[in-house]
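So the sequences go chain by chain: A and B. Just so we're aligned: the first sequence equals residues 1 to 254 in this note's numbering. Just so we're aligned: the second sequence equals residues 255 to 477 in this note's numbering.
Bear in mind the hints are in silico, worked out from the structure with no lab data behind them. Some clues are possibly wrong.
[Said to hold, decoys possible] Straight-line C-alpha distance at most 25 Å; calculated SDA-like pairs for lysine to any residue:
| id | chain 1 | residue 1 | chain 2 | residue 2 |
| --- | --- | --- | --- | --- |
| 1 | A | K161 | B | F381 |
| 2 | A | K161 | A | N137 |
| 3 | B | K383 | A | N137 |
| 4 | B | K383 | A | L254 |
| 5 | B | K383 | A | A95 |
| 6 | B | K263 | A | L218 |
From a predicted model like this one, the values you see are computed outputs, not experimental measurements.
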Amino acid sequence: MLAKRVIPCMDVKDGRVVKGVNFVNLRDAGDPIELASRYDEQKADEVIFLDITATSDDRATTIDLASRASAQLHLPYCVGGGFRSVEDIRTMIAAGADKVSINSAAVAHPELITQAARAFGTQAILCAIDAKAVAGNPNKWEVYVAGGRKATGIDAVEWAKEAQARGAGEILLTSMDRDGSRDGFDCALTRAVARAVTIPVIASGGVGKLEHFAEGILEGEADAVLAASVFHFGELTIRQVKEHMRSCGIEVRL
Amino acid sequence: MIVVVDYHKGNLLSVERGLVAAGAAVRVSDDPAVIASADAIVLPGVGAFADAAHTMEQLGQREIIRARIEQGVPFLGICLGMHLMFEEGSEGAPQEDDEVSSNNARGLAVLPGVVDLMPCTDAAGQFFKIPHVGWNRVYGPNQQGTFESPLFAGIEPGEYFYFTHSYAAPTGPFVIGQTQHAQFFPSAVQYGPCAFGVQFHPEKSSDAGACLLKNFVNLAQAS
Chain A
1 MLAKRVIPCM DVKDGRVVKG VNFVNLRDAG DPIELASRYD EQKADEVIFL DITATSDDRA
61 TTIDLASRAS AQLHLPYCVG GGFRSVEDIR TMIAAGADKV SINSAAVAHP ELITQAARAF
121 GTQAILCAID AKAVAGNPNK WEVYVAGGRK ATGIDAVEWA KEAQARGAGE ILLTSMDRDG
181 SRDGFDCALT RAVARAVTIP VIASGGVGKL EHFAEGILEG EADAVLAASV FHFGELTIRQ
241 VKEHMRSCGI EVRL
Chain B
255 MIVVVDYHKG NLLSVERGLV AAGAAVRVSD DPAVIASADA IVLPGVGAFA DAAHTMEQLG
315 QREIIRARIE QGVPFLGICL GMHLMFEEGS EGAPQEDDEV SSNNARGLAV LPGVVDLMPC
375 TDAAGQFFKI PHVGWNRVYG PNQQGTFESP LFAGIEPGEY FYFTHSYAAP TGPFVIGQTQ
435 HAQFFPSAVQ YGPCAFGVQF HPEKSSDAGA CLLKNFVNLA QAS
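Take these sequences, add in the hints, and give me the full structure.
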């Protein structure tokens, strides 16, 4: 059986991991490759580097990061942030990235998903969706772009379906309501999207404790669970998380 | 020297580095003359079957790779590279226009059959997600699930490898590894003594993947 995946995510700015890293025994807590190598050793199933600056000036730094990751990691990795064209994506994949995640640019130009999937295969294209609950409507979520600053009026479930139809190979679904809250994933949102598409869904946003990972799989029906700070701060190891998931009857790679 | 075949579809760095780490001298090339002089050939996998098959044909790679495999040169096809070992693939082919004609693209045809979309339901009708993305277990082809091929020397049955694909190879006596998604499918195949194909990505599969690449490099260096 396909194992459910545990994915640490690193927010990278100017080539350094931001959003607090307090990992034991790291020579340099800010270096994304060194941190990712630790997760590789701990049997993370893949890692995601999210370039949160992603202005054109910083692209060279991110491309260099992808290239170094390819040399040093023995697991798949995804790079997200700032892609505007098929050429941007081509550069990143040529540098060694296995997958890219597209967010705002896909909302603005949905045909970018189609073109990128045609050029690099659906397996290489993640559609990242930042969603926020619509006030007064418990089963509606709206898509936000520009790092969560701009509402689009687009329904998150409908957008996930369109992204799949256009060739996205996976959905990386972040609940903006839960992100940073440590209250656990928005399982209602995750389940709504997971049931609406046939491609894998990665749940993101809200992990604060061990039990949340299994909830994302069992209640959210996600195929993979993503977290950042609980790993970066050394509060939980990948192994602890996977052992707990296994104790809940979830298939994991240990 | 192992030649990694470049058919202009993307990143070959991880494969190249994985082979180098396994102790091989590696050259990445799209040149049929270089492929013709290789001691061993690795055909990596990116993109869709029809597109890759077309590009290989255009670059003059198809016949030389096929001939080299027939001559017994060690070969490893990875993911789509494994698919291309078969006669035909439906991935990326134009829609069928009638029941008799086939628009499937032609592969290297060292192994028989058609590479087709994976089934998404099991015998009980339960639904499974496609693409098949992530880490899954590989077992040998016999009832006990043990490995018999030297490609899997030192690897435990049920070891996890990293997969990402929607299409799968047909089954047959050439299967040396199998994996279960909605149904069991061939995750490793062998032709002759030293031509292999793997559905998973050994270059992305941690220690087990490194072990498999090392086995291939050892076989290549011994032949």
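Legend entry - Distance restraint between K161 (chain A) and F381 (chain B), which requires alpha-carbon spacing of 25 Å or less: Judged against 25 Å, a Cα distance of about 17 Å means the pair holds.
Inset, instruction - Verify the proposed pairing of K263 (chain B) with L218 (chain A), using a straight-line Cα cut of 25 Å. - result: Cα-Cα ~37 Å, so violated.
Inset, instruction - Quickly compare the C-alpha distance for K383 (chain B) and L254 (chain A) to 25 Å and report which way the hint goes. - result: It holds: about 22 Å lies between the C-alpha atoms, which stays within 25 Å.
Inset, instruction - Could you grab the alpha-carbon distance between K383 (chain B) and N137 (chain A) and see if it respects the 25 Å cut-off? - result: Status violated; Cα separation ~29 Å.
Inset, instruction - For the pair supplied as a hint, K161 (chain A) and N137 (chain A), confirm whether the alpha-carbon distance does not exceed 25 Å. - result: holds (20 Å)
Legend entry - Restraint status (C-alpha distance of K383 (chain B) to A95 (chain A) at most 25 Å): Cα-Cα ~29 Å, so violated.
The structure fails to meet hints 3, 5 and 6 from the earlier list, while all remaining hints are met.
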